[in-house]
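Chemist: Next come the chains, spelled out residue by residue.
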Amino acid sequence: MRNLIFLLYKFGGVIFFIILEVFCFSLVVKNNETQKEIYNSTQQRLTGSFYNQWDNLTHWWNMGAVADSLADENARLRAELKNAQFINTILKDSTNNEETRQRYTYIKARIVSNSVKLNNNNIRINRGSEHGLAPHMGVIGAGGQGGIVGIIRATSSSHSRIMSILHRDSRVSVELAKNEEFGSLVWRGSDYRIMQMEDVPKDVIVAKGDTIQTSGFSSMFPQGVVVGTVDTSWVESGSNVHSINVNLINDMRNMRYVYIVNDLLKVDIQEIEEALEDE
Amino acid sequence: MNNILITNAVRFVVFVFLQVLVFKRISIGSGEWSSYVNLIVYPIFIILLPLRTPHFLMVLLGFLIGITIDSFYDSPGVHASACVFIGFIRPVILAAMAPQGGYNMSYSPTKARFGNTWFIIYASIMLFLHLFFYFSVEAFTFWLIDDIFLKTLFTFFISMIFIIIYQFSLNPLE
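In the order they appear, the protein sequences are chains A and B.
Under numbering that gives the first Met the number 0, think of the first position of the first sequence as 0, with each following residue one higher.
Under numbering that gives the first Met the number 0, think of the first position of the second sequence as 0, with each following residue one higher.
None of these hints come from the bench; they were simulated from the model.
The structure displayed is predicted, hence computed values, not measured ones.
Ideal Cβ positions, reconstructed from N, Cα and C, are used throughout, including at glycine.
Across the chosen pairs, the derived CB separations fall in these ranges: (1) A274(A) / I164(B): 51 to 61 Å; (2) V19(B) / S238(A): 52 to 62 Å; (3) I27(B) / D198(A): 54 to 64 Å; (4) L152(B) / Q42(A): 25 to 35 Å.
Pairs of lysine-lysine residues, derived as BS3-like cross-links and limited to a Cα-Cα distance of at most 30 Å, are as follows: (5) K116(A) / K35(A); (6) K207(A) / K177(A); (7) K35(A) / K23(B); (8) K23(B) / K29(A); (9) K177(A) / K265(A); (10) K35(A) / K265(A).
Incomplete in silico selection of chain B near chain A, CB under 10 Å: (11) P53; (12) M57; (13) L59; (14) G61; (15) G65; (16) D73; (17) G76; (18) H78; (19) A79; (20) A81; (21) C82; (22) F84; (23) G86; (24) F87; (25) A138.
Okay, chain B solo, but in the shape it has when bound:
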């Protein structure tokens, strides 16, 4: 119990630091294209929260990490709204992806517990929803829908690579 709490607290701090100190500064592509490719990896914190995390706590923690990231990105509310959204939608996705016999509620949804394919699909859905929500709020109008989609896609692929590297190299149980 305490172990999981500490793991997640550490993950929160580490990924906030990584996001604002490293990923935010990496720019891929040049000129106009650099705005299409961002590296947004910190949602992994919400993705990997233990399965038994209460729904309201997930929404609250989403808000917490979002608003922390926002304070470094100078965009009050933009990241936070996306994080609150995926914190809210996570139980729906988990329910849709439940393995036969249901979940062992003491696990966390990691690659080590549920296997490669399951984890990649689950993390992809979560990250894609997060990015789509995030870029929609950033643009704040659906007139630029193709722009939003392009940004989401490019950012999604490059960020997903980092998430997969993280899961496959450290292979955390929780």
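In isolation and in its complexed conformation, chain A is listed as follows:
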């Protein structure tokens, strides 16, 4: 006991100083908005650059597979070029010209860190606000696989953190390609290849192998990005909705490149939403 008091007098100042300063700083970054933001962005920049270095080291190991997938994607894009298509329509009425306007643009980014094993997975990419990225933008897979990857949560100047679709809070509006019945895509946190589709009424016929695609109801993803296929579906007794397991089309574990979806009409849509809220 006496020794304890002696120690307290001798080293108590230093020990209490360290403990209390740590405690104070945790209070500061938890409860004060400015400090919280600075802390988060600094932490992101540091971990981002760390992951970036690590990724530079390991980048070359996967080069073969990446080249393959890029070639695949090139082939797919070539197929979409004008000269690869046969124009099959017969012009009947010249006043009914179809006019199109660019709505989505895509920004390429490389993944610097990724996880699929946690309950709440996050992905970091090497593009940030400098490159025109902002929170709430959707992220889709690149490299021939397609599929969706997640939604941007936070950006620093050079890096961004994505909330993976393999995250408990993630909820993406999707639909069945054949009849456009929509529902929500969520993840229960077990298998990174399988997600769950919710809120599809039980009178809708769902068959194994049906394609699931994005619904385009939010401005995060364009309509019609293929997400996966129906694996199994059943109706729990007493439930009004299907329980659907979805096989993801992309391999969430093995990704190198993603595209960020930039919706050029986002501001227009937001204006409408805000006008609605004001009413």
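Starting from the known structure of chain A, arrange chain B on it as the hints suggest.
Modeler: Same frame as chain A, now just chain B:
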């Protein structure tokens, strides 16, 4: 002994009240400048703690007054971290400023005990360190270092005036 305890307890309460009821509300300058000139006088409580206060107790009391002030300023941890810091650093400063023959450990570091010059230098160092730490934590980044320095300087001069008025008018022994 009891006397000193009561004096310090009263000082704690009085300066917390003065800080949150009076000094916090006084705003000097207008517009943007008012954020540069604050009145932060309550660290006098830590500055005037008796010389024989154990080190760990000084750190703890610093935390206590800091977190009390924080609860009125709605800035959890910002004042407290600065107070803990000066509570921790005080023995170093006192050691550097020890008069010839050392301290009489039953005294408190007041103007009445150690004279005008000694007290003003000692209180200035303590208050300046407190304010610099406080504004650094408030800004939370050294990108704004000139801002931090300006705030510290302005606040330091105006607060120091109040500390000097307090010591010279009441001239407390402890």
